[in-house]
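Protein chains in written order, with the numbering used here: chain A, 14 to 298; chain B, 34 to 601.
Don't take each hint at face value.
Claimed, not checked - The calculated DSSO-like cross-link candidates involving lysine-lysine, where the alpha carbons are at most 27 Å apart (straight line), are:
1. 175(B) - 73(A)
2. 380(B) - 73(A)
3. 380(B) - 223(A)
4. 380(B) - 518(B)
Since the hints were made in silico from the structure, they are not lab data.
The model shown is predicted, which means the values in this text are computed figures rather than measured ones.
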Amino acid sequence: MIRVDSLARGRDTAFSRLDFRAKLAVFAAVSVAAVAWDDPRLGVLLTLATAAGCLGAGVKPAYLWLVARVMAPFLLLLLLTHGFFNVQPVLRLTGHARVTPLLSIPASWPGVGGLVFSLEGGLYGVNVCAKALTLLLLVPLCVLTTDPNNIVTALVRLRVPYRFAFAFASTLRFFPLLMDEIGLVIDAQRLRGFAVEEMGVLERVRTYAKVAVPVILGAMFRAQQIEVVLQSRGFSGQSGRTYLRDSVLGRAGTAVIVGSAVFATLVVGLRVGAHVGAFTTALLP
Amino acid sequence: MEPPPLVSLEKVSYLYPGSQRPALLNIDLRVRAGEVLGVLGASGSGKTTLCLALNGTVPQLYGGRFFGRCLVAGLDTADHPIHELARHVGIVLQDPGSQLVAVSVESEVAFALENFGVPAAEIRSRVDAALAAVHLEGLASKHPHELSGGQQQRLALAAALALRPSLVVLDEPTAQLDPQAAAEVFALVREINAAHGTTFVIASHASEEIAETVHRAVVLSAGRIAAEGTPEEVFRDAALLERERVRPPGVTAAFERLRQRGVPVGPAPVTLAGGLSALASLGLGQAYRPADPPPLRPGTPALALRQVSHTYPDGTRSLDRVDLEVPAGDYLVVLGQNGSGKSTLLKHLLGLLRPASGRVELNGQPLAGMSVREVARRIGYVGQNPDRQIFNPTVQAEVAFGIGRLGLSAGEQESRIESALASLGLSDRRGAHPLSLSTGDRARVVLAAVLAMEPEVLVLDEPTHGQDEAGARAILEVTADFHRKGRTVIVVTHQLHLMPGFARRAVVLDQGRIVADGRLRDVYHNVVLMRATHLEPPHAVSLARARHPGNTALTPAEFADAWGGPGA
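For reference, chain A alone in the conformation it holds in the complex:
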C-alpha cells in the first residue's frame, strides 16, 4: 500500500541537509516578503519561486499537485470574493475614482444579478491568493525536507521544551497516518455502495459524518498505542536527554540565516522607504 507520508517525503538535497534552524530563517524571511508585498506581480513571482524552491529542495511534484488540487476551490473563492466585492479598499489603495469592470453578471440573474468583477479587485484577489499559497508552500519546503529528529533537536536548541518539540514532530508523523486511515474508511464505505461523488451535499455530509466514527476510534487507538510505546521506551519529556545526532548549524546554515535576515531587512526597508511591493494594477513593469 502506498502511504501519504511516502508521497510527502522528498529526496536528499543541499537544502534538505540544512539544519532546521536555517530553514526556519528562510521560512521567516519569505513570510515577511509574502505579507509585506501587495504587488500581485511580486506576489506571484514569490509563489512561483517558493514552488520552484520546493521542487529543488526535494519535495515531490505529486505532493505539490495534491496541495494545488486541495487549495484550488479556496483560492477560486478568494479570487471571486475580491473581484466582486473588494471595491472601496482597492479604490483607496489605487487612488482611482472607480473600478475597471472586467465582467458583469446580467441583472436578470436572481440574487447575484448586477454584480461586477473588477480588474482592481481581481488583482487584489491574485495578491491574496499568492500570499496564501506562498505561506502554504513554505510548510512543505521547510518541514517535509527535514528529518523530524532534526526538527526536534533544532527546536530544543532554540530552547523549546523537549516535550513540545517532540509533540510537534509526532504530529507531523501522525497526520499522514490519519489521512491513510480516512482513505481506508472511505474505501470501506464505497464497497458498501457509497460513492460520495454521486451524492448531494446533505447526503455527502451525512456520509462523511459516519466516516468520523471509525476514524476517530482508529486515531484514538493509535494514539493510545503510541503512548504505550513511548512510555515503554522511557519517554517522559524529561530534561537531560541526549541525542545520537545533535543539531549542527554549520557554515551553510549560518550563511542561510544571515542571507535570510538581510533579505527580510531589505524587503521591509524598501517597502517602507520606497514603497517597493505596494499594490498596483499595472500588469506589466
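Starting from the structure of chain A, add chain B where the hints point.
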C-alpha cells in the same frame, strides 16, 4: 538457595474501567531469569492484559481496578512509572507499523537510550549491537516504513533490546506477519535468549512457534491460569486445549489422530523436527490422494484479471502482467509473503485501484465501466480490521447500511436484514453498539452487513486476523455456507493451516506475479516453491511428504486417515 524470580505476580486481578468482568483473576505466576514463557489462550482470555501488566501500562495508563502485586526485577509495576520500568522491561506489540515512532531505523533504536540520557558514543555502540542482534545491519538510515513487516517487527525488538532490559514482553508479535517472517522473529528470540540470557514472555496464537521456542507455557482462561507446564505437557493435553480453544501444533494434532486410530506412536511430539524423527521409526507409508473436487461448470469467469499491471507513485511495481480467472462457484485462496501484491490484487478486483495496463472483468464486463453501487452490489468485501468497516450505532443499522442503496422494497430490506442477522447469530445483539462487541462478533457484524447485500462474489482480506482458532473457523464456516450456494469466494490469508476444507484452489503471488495457481492440495505440496516464496506449508503436509512422496494429506485428520497401518 534459588535466586528470586525476575517476574512475580501474586494474586493479581484487574478490571478495565467500567467493566464488571475481571480481565485477570487471581494470577499467581513466577518467571525465572533467562526463561522463555509462552502465554496461550483464546481471544479475550487476558493474554494482552497480562503483557501490559508486566510493564505497568495496566493499570497506570488504562486505569481500572488492580489487585495483588506484580513485581519485575523487584519493582512493583503499579507503583513505578512506566518510563522507569522501561529500564527493566521492553515490550513489542502486535502491529509492526504503528509501534515505530522514529523516522530512521537507527533513531528508532536510539530513542529509548536518548530518553535515559545515555552519552552519544554509547548510544552509537548500543544501536549497532542491537541492530546486529536482530540482523538489520546496513539498514540504519532506512525509514522504518520502508522495511517489510518482519523487518519492522525485528526493529521493534531491537528498540526494546537496546536498553538491555532483563525482560522482553512480546504480545502477538507475529499476528500480522507471513509465515517465514513469523519464523524469523521466533528464531531471533531463541538466539537472543541463548546468547544473552534475556527473559521473554510471549503471548501468541502461533502454537507451532511457541512449541519450538518456549521453556514453559501457561494457558489463560477468562483471566485465570487454567494450566501451566512445559510445552509438551500443555500441548499434549488435548482435553485442555479443546476446552480452552487453543490450537495444538499441527504435528501434535497429527500424532494424536494416529493414536486415536490405534497406531502405537508414543507421546505426541510438539515440534516438527520431533514429529519427523518419530515418523522415521514408524516406516514408510503409501501414496494418498483423495478425489479432486468436482470441476466447476465452464463459462464466463465471475472475475478475471487480464494482463493487469500496477505501479505505485513511489515506483513500486506491485502487479506485473497478472492473468487470473476466477470461475463462478470457485473458492480461491491467495497466498504470498508481506508485500507480494495480494492487497493490490484485491483492490483491483474491487475496483479501488485502476490497472496501469490490462483490465479487470466482472462476469465478462469491464469493471472500469461499472458504478460504485453496481460493484458493491455484486462483490462483497470484508477487510482485515472490522473497526474500519463499522459506521453505525447499532448492529441492525450496520447491517442495513449498504442495502438501503440497492433500490429494494422495505419488505425485502427487512427480510434480508433478518436473514443476515440470523445466519451470523446476531439476532439478539441487534440493538447493541457494534463496537461494544468482541473482536470476533465485530467481524461477524461486518460479514452480516456484506452478506445482506447478497453479492455474487465475496472477497475477504485476512478475515481471521486477531481471532482464535474457533473464531477463525466460525468465520470460514460462514464463507463455506456462501460458497455452497454456488457463489464465489476469494480469501487472502497468511494462515495456511485454516484453508483445507474450505478453499478449492490456491494462487501464490511473489513480487507481483502469480508463481503458482492450482488445486489447494497441489500448491500446498509444492513445498519447494512454497518455501521459495517465504510460505511454510502446514505440519501435516511436511509429515505426509516424509511418510511417502505421494502422500498429499493436508490436515492432521487426512494424515491419520491416510495411514494404512505401520509401515504400510
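Now for the hints, and whether the structure bears them out:
{"no.": "1", "hint": "175(B) - 73(A)", "in the structure": "holds, 18 Å"}
{"no.": "2", "hint": "380(B) - 73(A)", "in the structure": "holds, 25 Å"}
{"no.": "3", "hint": "380(B) - 223(A)", "in the structure": "holds, 22 Å"}
{"no.": "4", "hint": "380(B) - 518(B)", "in the structure": "holds, 25 Å"}
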